[in-house]
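Novice: Residue-level listing of the chains:
6 protein chains.
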Amino acid sequence: MFFHDRRLQYKVRVDKPNPAFARMLQQAIGGIEGEIRVCLQYLFQAWGNRGPVKYKNMLLETGTEEIGHIEMLATAVALNLEGATSSLKDEIVGANPVVGAVMGGMDPRHFLSSGLSAMAVDANGVPFNGSWVVGSGNLAADMYANVMAESTGRVLATRLWESTDDPGMKDMLAFLIARDTMHQNQWMAVLEELGGMTNNHPIPNSFPQAEENQQFSYAFVTTNIFKDQEAFGRWAEGPSIDGKGTFQMVPGEPMGDIPILPPPAPEGHAQVE
Amino acid sequence: MFFHDRRLQYKVRVDKPNPAFARMLQQAIGGIEGEIRVCLQYLFQAWGNRGPVKYKNMLLETGTEEIGHIEMLATAVALNLEGATSSLKDEIVGANPVVGAVMGGMDPRHFLSSGLSAMAVDANGVPFNGSWVVGSGNLAADMYANVMAESTGRVLATRLWESTDDPGMKDMLAFLIARDTMHQNQWMAVLEELGGMTNNHPIPNSFPQAEENQQFSYAFVTTNIFKDQEAFGRWAEGPSIDGKGTFQMVPGEPMGDIPILPPPAPEGHAQVE
Amino acid sequence: MFFHDRRLQYKVRVDKPNPAFARMLQQAIGGIEGEIRVCLQYLFQAWGNRGPVKYKNMLLETGTEEIGHIEMLATAVALNLEGATSSLKDEIVGANPVVGAVMGGMDPRHFLSSGLSAMAVDANGVPFNGSWVVGSGNLAADMYANVMAESTGRVLATRLWESTDDPGMKDMLAFLIARDTMHQNQWMAVLEELGGMTNNHPIPNSFPQAEENQQFSYAFVTTNIFKDQEAFGRWAEGPSIDGKGTFQMVPGEPMGDIPILPPPAPEGHAQVE
Amino acid sequence: MFFHDRRLQYKVRVDKPNPAFARMLQQAIGGIEGEIRVCLQYLFQAWGNRGPVKYKNMLLETGTEEIGHIEMLATAVALNLEGATSSLKDEIVGANPVVGAVMGGMDPRHFLSSGLSAMAVDANGVPFNGSWVVGSGNLAADMYANVMAESTGRVLATRLWESTDDPGMKDMLAFLIARDTMHQNQWMAVLEELGGMTNNHPIPNSFPQAEENQQFSYAFVTTNIFKDQEAFGRWAEGPSIDGKGTFQMVPGEPMGDIPILPPPAPEGHAQVE
Amino acid sequence: MFFHDRRLQYKVRVDKPNPAFARMLQQAIGGIEGEIRVCLQYLFQAWGNRGPVKYKNMLLETGTEEIGHIEMLATAVALNLEGATSSLKDEIVGANPVVGAVMGGMDPRHFLSSGLSAMAVDANGVPFNGSWVVGSGNLAADMYANVMAESTGRVLATRLWESTDDPGMKDMLAFLIARDTMHQNQWMAVLEELGGMTNNHPIPNSFPQAEENQQFSYAFVTTNIFKDQEAFGRWAEGPSIDGKGTFQMVPGEPMGDIPILPPPAPEGHAQVE
Amino acid sequence: MFFHDRRLQYKVRVDKPNPAFARMLQQAIGGIEGEIRVCLQYLFQAWGNRGPVKYKNMLLETGTEEIGHIEMLATAVALNLEGATSSLKDEIVGANPVVGAVMGGMDPRHFLSSGLSAMAVDANGVPFNGSWVVGSGNLAADMYANVMAESTGRVLATRLWESTDDPGMKDMLAFLIARDTMHQNQWMAVLEELGGMTNNHPIPNSFPQAEENQQFSYAFVTTNIFKDQEAFGRWAEGPSIDGKGTFQMVPGEPMGDIPILPPPAPEGHAQVE
Ligand SMILES: [Ca+2]
Ligand SMILES: [Ca+2]
Ligand SMILES: [Ca+2]
Ligand SMILES: [Ca+2]
Ligand SMILES: [Ca+2]
Ligand SMILES: [Ca+2]
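Protein chains in written order, with our numbering: chain A, 1 to 273; chain B, 1001 to 1273; chain C, 2001 to 2273; chain D, 3001 to 3273; chain E, 4001 to 4273; chain F, 5001 to 5273.
Careful: at least some of the hints might be erroneous.
[Said to hold, decoys possible] No more than 30 Å apart at the CA atoms, straight line, and that leaves these computed lysine-lysine pairs for DSS-like: (1) B:Lys1054 <-> A:Lys244; (2) E:Lys4089 <-> E:Lys4016; (3) E:Lys4170 <-> D:Lys3011; (4) E:Lys4244 <-> C:Lys2054; (5) C:Lys2011 <-> D:Lys3011; (6) B:Lys1054 <-> A:Lys54.
Simulated from the structure, these hints should not be mistaken for laboratory data.
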């Protein structure tokens, strides 16, 4: 069960409202790298957790913190939209180029649909999509999904930080960037507890290796037919990262037949030549 | 530029066609864990790569291999749908319970829309969505996205393997599972080359640490108000995984104010009390 | 069955074409508050109506009127796009800031995809989505869905009216705003006929009250843990609006256990620690 | 900021796991009538609230309660999926008709993608969509959106209640149905505080009536050309519900011209006859 | 402007209700091959038509007819769902295999969300998507979009016809199949009027041929590297269908360089090795 | 199985980077008229082909070529985004109107999400959608889907050509336009091989004509009630294009009854008046 405190987790201040920046902040709310995604992802992973229970507890903690991040960003969007309406009208009606340069990047739905407040969409107005909420029932796979979410999320936050000179916004983003640092470390700490790379991989580690076709488990297949330069690297030689094999580089070649399907069923009404 | 060989990368054989299994295979084609996603993800990462060029080359190699995996699975779907039409009719029209048990799990669009062939959708007929194709312009973030894709992908493949006793299908899946093993290792090899966890994290590693609010960079914030049992673990004490701080556990508390927004703009036509 | 007259329901005139306004009008065509949604919503409610038949008849009438509203707005979009092409080229190629201020807000697909005509999308180019078409099989719930659609729709129309000084567009919108006034009243008239708030609520009114957990039917649960100010209001005391209980304010507290799920099934290949 | 208690708001017990019922419960989680929608809708309305502040507070209270409802339902889904895996295999592999009858209604992604836990999708696996989160900046419009959400939500809950004979599930649903009763009343209480129907309508009540085309504000336009029976009702005569006009019934007739668009721009490359 | 007659365009009768067939009929309502798509597609093409006006008139006629097809199918869905509720409960609760065989293919949202009526979704519950509504501003391209829509639509209708033995449903489908025959012919008649293949192609025919890179305009590029069998056919030799060139078969070969992108911008925070 | 050459199929050069043009190019990558769609469409049609096998081979050839077109356009997007970051900051922070005119049309996610590279989305950031990938199991229907895709695709490419004066971009587009010319011809050549219009139509040509309701197979139904001008044309008189009937023009009239549905099932909890 959930509770709230009306105060924000961290202060949100906008010194110079900017509706184009409000639009960019939406990416951090409803985009695939955004806070709704991590919030629901951690909570759904917690709710579906089948043990060990300490991971369920931990996911619940951080999932709950993330709701407060959506709240901070939604507040920041609303504050950045202050004054947007009358400027928008100036732009639409009068084609004032200075106003236009600021407003041109605004999401018109911030006025038309939400009345100057945040929405559950990304920076292009594309709605949040529940398919982004990953919880696989495999803890290690989920932890990678979480490291990845916090990595692309922190990349996004640093780009937002670069896009503004508003001191209040920079301060808020410096806090969120720090939280992303922690969260990256936190999910990696679970992976370390689970045994690290050699114990975790290949994920899932519960599938019997004997059942996979081990001839191809550590072969880098090259599909390049322009032979001047190979894609050599750590993945092409030496022990595999999971410690269970040796990388080798092999040219791609077809091992299957040309696939021929049986003729169509009459009920499907294929075309008759 | 791309080329093809009409033969498959690996043999695809279906001994006992099963339209319900065809539906399940669709998850590995057009689902978020599927092959269209990894194929486009690796190719887009390659096409947007701004150096070092060896990673571009490598991404291109594996992205190209993945097209052939879509091809194998699409062939498997078509072969599993063999004979589905007349059985479907028996079920719809006659309510034969034995037929129904097999057909009940079929995607009706496999007959209605595609005429017994694969589609660019998941196991529930939800279309493939381009938002799943992640390429952030940050190589480490992208590698985690790739490890995660191959981890959830391999989890999916092992579950498909568990769901069938068709020898041909088990053989094909054993090959694909092996390729997922390699691909997990391959992306981790890049992360190793980039310097491993202590060098890579926090991602992006190019953002100056001094600019983030470091007071919160390694603090596990607990939001739990039921105090009988804490979410202790590796993330709550000891050196951080990135080697740049020390984990600590701190109770969550609001540091911001109650957010109050200015009154609405008249042009937005808020309600008047 | 449906018929048409080639003339519009109301005159559509654009005095000064404005491609940015064309984009904004798309919200009223293909957005969630738009005319395609109400059109299909009323028609589907009519087609699924299981009595009394007079409501089916009435829904069919207004659903049919709404097709003509899409037509008016689509015409308005095309007229506002007049001349957009060459200005767009000036902007893209030559970076003329005055042109840019007008064009910056244009949807590029209005040129690229539709050749200067309306599309079934919203103001951000997000396609119309059939999930917005609500028909629940419960007449009172549907009437609230309709009041809500016409309320957010009229809010949108007034904001569009505020965003233009084109006399023709203001005239068209003044007509559509009036129709929204009527339609709000119309659906409320059905709710009155059905017995008003005390008879209709809780919706559905056909579920036996004895079967719901009545201890919680009129309790405002407060989840706030910052106790300086309560969320008092009409909902916290006095008779309930449906006349069947008394509002009370109760502090939120967990009545369930900590949920513990059984261990994972082996076939699901969870991670082994 | 948000907090949690690891215990559930209300007890969740499943006596006889049923994967087909798990699928049906997904509609109450990630469907348009579901708890993610109301949760985000109330929270976004709170975060965008521009006064009076008591409504912001109240929306925050109930939005927070709803997170706990998602939690209860996600727990219920996981418990209903207990044992599904091996039965699913029996069905896919062996075509046991009794098993098939239960399993046929299962979402295969509950095994393939989530490992027997809930997902952010509806009963057909269609992902939750952020476009469903309505917050318009007009309090009365938003309250109707909320009454509508709780009305279709309660209809859904009663249908789920009808679809199961599991005592634990019936008990949980009886609690959720009661909460929907309260929430319907709660949003109507706000509408009463705002002045009731005559003060609130037409929404937005801040748009000057003189500016709408009042000739059409209370006219029921009939588009029916089959004249045997009219769609008479409360909406066709008597004072309007908002108390500002008189209903009348008028035959639909075109008042606009046949719309003729100018010829296409050369750059758009229309076809030449 | 639009009008309606409460009677259907053609009779709709269901002799033996079948909820699984109701689900299949949804593909013809809200699927990509369905009637909502053609209805909106023809109407939007009409509303955006910039001449000659006779095509606008004609598109309006048939777009209006299609509304009545949605109506017929929505009625057929509701009639096929008759009795579904109690059988569904038997299935969910009691696992009656005979019932299950019929019900297993039912869309649960037909009960849960719509109360036994049609929805704006396809056979898998995926919502109708406005992106399917094609109107390009080029009449010939649009006519091909329409031929294609009626061709896949008629294929779908014949498969539905094959899936039922209900005389009423077969009769309704025989009518809709005939209408698809007409509509295919109708759009081809426009293409004939526009000048036939040699005049229409390449579409758009208004782009100066001299500006395209004519060396590649009639070359079949083969990308196959398995040289045992070529993809010869009409497209590989002889005069081109548009009469403006001669088909030739050429081996694919790269004519561009290896693409190298400049290094990343510092503000984008790429990873540092 | 697939292979690649690191060189591009055709040279891609950008003389004057333009982030607004980069956004427009996205329509040709991830839009409904774009290269991902045709690529997957031809490949899925090939993989589902059930004979004659020469069409499978041919579809595979061209589907493979299209991967290289995505590659060219993705490269072009990245090159057009060169320098966008610092200009974007100038615009957001400093409201420089000249910069703004260029940047206003930029997709902010090209910086925020992809770090200045292409994404699997359209010009408005709407993700690629797998539902656009049409493969019906009927070869003639699929060929029309392909002609249509190449026709709207070539229309798009000519509009992009008109929108730029960059010589490198114009050269690349002149190549892609030529390929669209070939591909239109190519699919029409298949239609010719299949027998041309009289043999192919009505599609599917395998459904027995006697089973359709032939009274309505060649009747143009007019639904217009404003009788001053009819929609006459080739479709209203003369032999049908498929050579199997004679066009006639008939006034639309309802042949069905007023549809009346049975009362609702009690379990569905309709509203009680
Ligand atoms: Ca966060
Ligand atoms: Ca793969
Ligand atoms: Ca309207
Ligand atoms: Ca609730
Ligand atoms: Ca039709
Ligand atoms: Ca192409």
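Novice: For a quick check of understanding: which of the numbered hints are violated here, in increasing order?
Specialist: Of the numbered hints, 3, 4, 5 and 6 do not hold.
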